[in-house]
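Taking the hints into account, I'd like the entire structure generated from these sequences.
Note that the protein sequences, when read in sequence, are chains A and B.
When the letters of the first sequence are read in order and numbered with this note's numbering, they come out as residues 12 to 325.
When the letters of the second sequence are read in order and numbered with this note's numbering, they come out as residues 2 to 312.
Keep in mind that the hints were calculated from the coordinates and are not lab data.
Hints may be right or wrong, so weigh each one.
[Said to hold, decoys possible] Chain A regions said to be covered by chain B (calculated; three or more residues, Cβ under 8 Å):
no., region
1, 53-61
2, 143-153
3, 159-172
4, 277-287
5, 291-297
[To be verified] No farther apart than 35 Å at their CA atoms in a straight line, the calculated lysine-lysine pairs in the DSBU-like style are these:
no., chain 1, residue 1, chain 2, residue 2
6, B, 268, B, 173
7, A, 167, A, 180
8, A, 213, B, 268
9, B, 173, B, 98
10, A, 213, B, 173
11, B, 268, B, 98
[Stated by the list, open to error] Derived coverage of chain A by chain B (criterion: at least 3 residues anywhere in the stretch with Cβ under 8 Å from a Cβ of chain B; other residues may be distant):
no., region
12, 64-71
13, 79-87
14, 251-262
In this text, a Cβ means the ideal position worked out from N, Cα and C, and glycines have one as well.
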Amino acid sequence: MSRFRSGTVPRKRRAASSFLAPPRGANRRFSAVSGVLNVQYSVLPGFGLTLGFSVLYLSLIVLIPLAGTFFKTATLSWDQFIAAIASERVLAAYRLSFFGSLLAATINVFAGGLVAWVLARYRFPGRRILDAIVDLPFALPTAVAGIALSTLYSTKGWIGSLLEPLGVKVAYTPLGVLVAMCFIGLPFVVRTLQPVLEDFEKEAEEAAATLGASRWQTVWRVILPHALPALLTGFALAFARAVGEYGSVIFIAGNIPLVSEIAPLIIITKLEQYDYAGATAVAVVMLVVSFVVLFAINGLQWWAARRHGATSTR
Amino acid sequence: MSKSARNIATEEPGWVRALLIAGALVVLASLLVLPLAAVFTEALRRGFATYIAALVEPDALAAIRLTLTVAVIAVPANLVFGVAAAWAIARFEFRGKSFLSTLIDLPFSVSPVISGLIYVLLFGAQGWFGPWLSEHNIKLLFAVPGLVLATVFVTFPFVARELIPLMQAQGKEEEEAAITLGASGWQTFWHVTLPNIRWGLLYGVILCNARAMGEFGAVSVVSGHIRGLTNTLPLHVEILYNEYNFVAAFATASLLALLGLITLIAKSALEWRIRNEERAAALPPEVESSNNKLSPDEKISHEPHAIALRP
Numbered sequence: 012m013s014r015f016r017s018g019t020v021p022r023k024r025r026a027a028s029s030f031l032a033p034p035r036g037a038n039r040r041f042s043a044v045s046g047v048l049n050v051q052y053s054v055l056p057g058f059g060l061t062l063g064f065s066v067l068y069l070s071l072i073v074l075i076p077l078a079g080t081f082f083k084t085a086t087l088s089w090d091q092f093i094a095a096i097a098s099e100r101v102l103a104a105y106r107l108s109f110f111g112s113l114l115a116a117t118i119n120v121f122a123g124g125l126v127a128w129v130l131a132r133y134r135f136p137g138r139r140i141l142d143a144i145v146d147l148p149f150a151l152p153t154a155v156a157g158i159a160l161s162t163l164y165s166t167k168g169w170i171g172s173l174l175e176p177l178g179v180k181v182a183y184t185p186l187g188v189l190v191a192m193c194f195i196g197l198p199f200v201v202r203t204l205q206p207v208l209e210d211f212e213k214e215a216e217e218a219a220a221t222l223g224a225s226r227w228q229t230v231w232r233v234i235l236p237h238a239l240p241a242l243l244t245g246f247a248l249a250f251a252r253a254v255g256e257y258g259s260v261i262f263i264a265g266n267i268p269l270v271s272e273i274a275p276l277i278i279i280t281k282l283e284q285y286d287y288a289g290a291t292a293v294a295v296v297m298l299v300v301s302f303v304v305l306f307a308i309n310g311l312q313w314w315a316a317r318r319h320g321a322t323s324t325r
Numbered sequence: 002m003s004k005s006a007r008n009i010a011t012e013e014p015g016w017v018r019a020l021l022i023a024g025a026l027v028v029l030a031s032l033l034v035l036p037l038a039a040v041f042t043e044a045l046r047r048g049f050a051t052y053i054a055a056l057v058e059p060d061a062l063a064a065i066r067l068t069l070t071v072a073v074i075a076v077p078a079n080l081v082f083g084v085a086a087a088w089a090i091a092r093f094e095f096r097g098k099s100f101l102s103t104l105i106d107l108p109f110s111v112s113p114v115i116s117g118l119i120y121v122l123l124f125g126a127q128g129w130f131g132p133w134l135s136e137h138n139i140k141l142l143f144a145v146p147g148l149v150l151a152t153v154f155v156t157f158p159f160v161a162r163e164l165i166p167l168m169q170a171q172g173k174e175e176e177e178a179a180i181t182l183g184a185s186g187w188q189t190f191w192h193v194t195l196p197n198i199r200w201g202l203l204y205g206v207i208l209c210n211a212r213a214m215g216e217f218g219a220v221s222v223v224s225g226h227i228r229g230l231t232n233t234l235p236l237h238v239e240i241l242y243n244e245y246n247f248v249a250a251f252a253t254a255s256l257l258a259l260l261g262l263i264t265l266i267a268k269s270a271l272e273w274r275i276r277n278e279e280r281a282a283a284l285p286p287e288v289e290s291s292n293n294k295l296s297p298d299e300k301i302s303h304e305p306h307a308i309a310l311r312p
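Shown next, in the form of structure tokens:
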């Protein structure tokens, strides 16, 4: 950049079109708004237009509507709010949604960790196809996943019929909810962990082996600590997605009150009864949890970036 | 002999390897491959004629049309936003930049059901603007605009989150050179920025589109489920399934599954392409060639930081 300021731009031209060159001194503020934002000088145009449009669009589509849920909840008294979220049925749904998601994310750490390891470390026929198919939960509409999973895991389905003799019923039980939550969260763990495993320097492993570590010790003491931030980020992402998931869960859940109802379904039920405030109260609790998780994910990524010695630009 | 010694140091024994691969295959088959196969098997259970009949039925055609309409509005809207946001965030330094990036990702951490709920609160009969809208006879909810809004919300971050890191990695030197040489802002964007980001842009658009066409939860809240009018394809699948019309449900679902498969293939192809371009861009030709001349020992010798990283 600096070479444009001094060397290559002819002096005459710089004088004629003042936008090309910054006023003397770096970091010069060039308008009131950019003063507040502390904008650093750039020769590139369009900052006001693109930032203005982005913030306007973001506010209209996301921020104002989301803020509406909190305003709506504020119309309830504290007792009404508690009554809305602390009924037996709602609490059971919260329990299933939150603990189910925690369990699913934990399972995904192991299952996804295994898949990521195999995809990153081993070369075998069909690897590229498997690698591509990991993203299926991102690409397959959730309703399709939902009916497919419930057919597959029902007592007549390909997998369900194998499990029935063992006395395991999956579809239309809380276990089915868990399966759907694992489905939706799997790629988050694989995709955060896989690049870390791929980029891990072989030399560190060789050094560990040279210093007498067994293979298991190398994996446990050298590779795992390095991959921990990615693993935790994947866990948090999988959890956040599973808590809010609706489409892939409701078909396999069976939706029995107090047993296999998830929190998003409670919101829909309350909306269908025109209990807008009640639905919003249930939603606000979920939103707060999601925001806390989002905050934690950002913290984790910041931590990971610092640990790996890279300066994060985001 | 030296080859096997190296294997012992940094690789697992063959049987462990086989076991791990088998484990990964079981996970992927039971959660991903078999559900996908089940969709097509169930759809074709009663033969091809029944399959086609379920797709050309008027309500199914209306659902297809509506899904396409919603995507055609929602995806370009988020495309324009994504480009604008990426330009502001990746090309300028300003206070609150990372906060803005976080806000853009916000819709991803909101449950789809809540994404629909927020528009019901705004535009529903009991909502903030509800009375005003019904007075002026404007129908947003349980109509196409509501579906579009909910879809725009859930697909909001896709293009932006693809472009921001890409444009940050590419740096702004090329655009600065263009502007300095007298190009206008639009010329710079069309001839410099756009060719650089086209694959990343396409990648974001493909993911955005897959979600827009497949969205279920958010759309379900604002749709009202009026057959032939406000039912998108995923909602049509739900109705058919709940009516125990499984063949038709899976036939409709197979269309969406096909969309998912095409998305996956396009995505993988683009990832491969982007990776190759990044590799070409990251290594200037002279560095690449000089690196190739190094013997393997020399390459290792200048990478001790891998171990130094550990505390």
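Pair hint residue 268 of chain B and residue 173 of chain B, alpha-carbon separation not exceeding 35 Å: holds (26 Å)
If you draw a straight line from the CA of residue 213 of chain A to the CA of residue 268 of chain B, is it 35 Å or shorter? At roughly 29 Å apart (the allowed maximum being 35 Å), residue 268 of chain B and residue 213 of chain A satisfy the hint.
With the threshold set at 35 Å, check whether the alpha-carbon distance from residue 213 of chain A to residue 173 of chain B stays at or below it. The hint holds at about 34 Å.
Please count how many residues of the region 291-297 of chain A have a CB within 8 Å of a CB from chain B and say whether that reaches 3. Coverage by chain B holds for the region 291-297 of chain A (3 residues, Cβ < 8 Å).
Under a C-beta cut-off of less than 8 Å, do 3 or more residues of the region 251-262 of chain A approach chain B closely enough to confirm the stated coverage? holds (count 7)
Restraint check for residue 173 of chain B with residue 98 of chain B, where alpha carbons must lie at most 35 Å apart: holds (16 Å)
Under a C-beta cut-off of less than 8 Å, do 3 or more residues of the region 277-287 of chain A approach chain B closely enough to confirm the stated coverage? That given contact holds, which follows from 5 residues of the region 277-287 of chain A lying within Cβ reach (below 8 Å) of chain B.
For the region 53-61 of chain A, count the residues whose Cβ lies under 8 Å from any Cβ of chain B; is that count three or more? holds (count 8)
Check, residue by residue, whether the region 143-153 of chain A contains three or more positions whose beta-carbon lies closer than 8 Å to a beta-carbon of chain B, and give the verdict. holds (count 11)
Okay, the region 79-87 of chain A and chain B, do three or more residues pass the C-beta test at under 8 Å? Since 3 is at least three, the answer is holds.
For the pair supplied as a hint, residue 268 of chain B and residue 98 of chain B, is the alpha-carbon distance within the 35 Å limit? holds (28 Å)
Are the Cα atoms of residue 167 of chain A and residue 180 of chain A separated by 35 Å or less? OK: residue 167 of chain A and residue 180 of chain A at ~11 Å, within 35 Å.
Hint compliance for this structure: no hint is broken.
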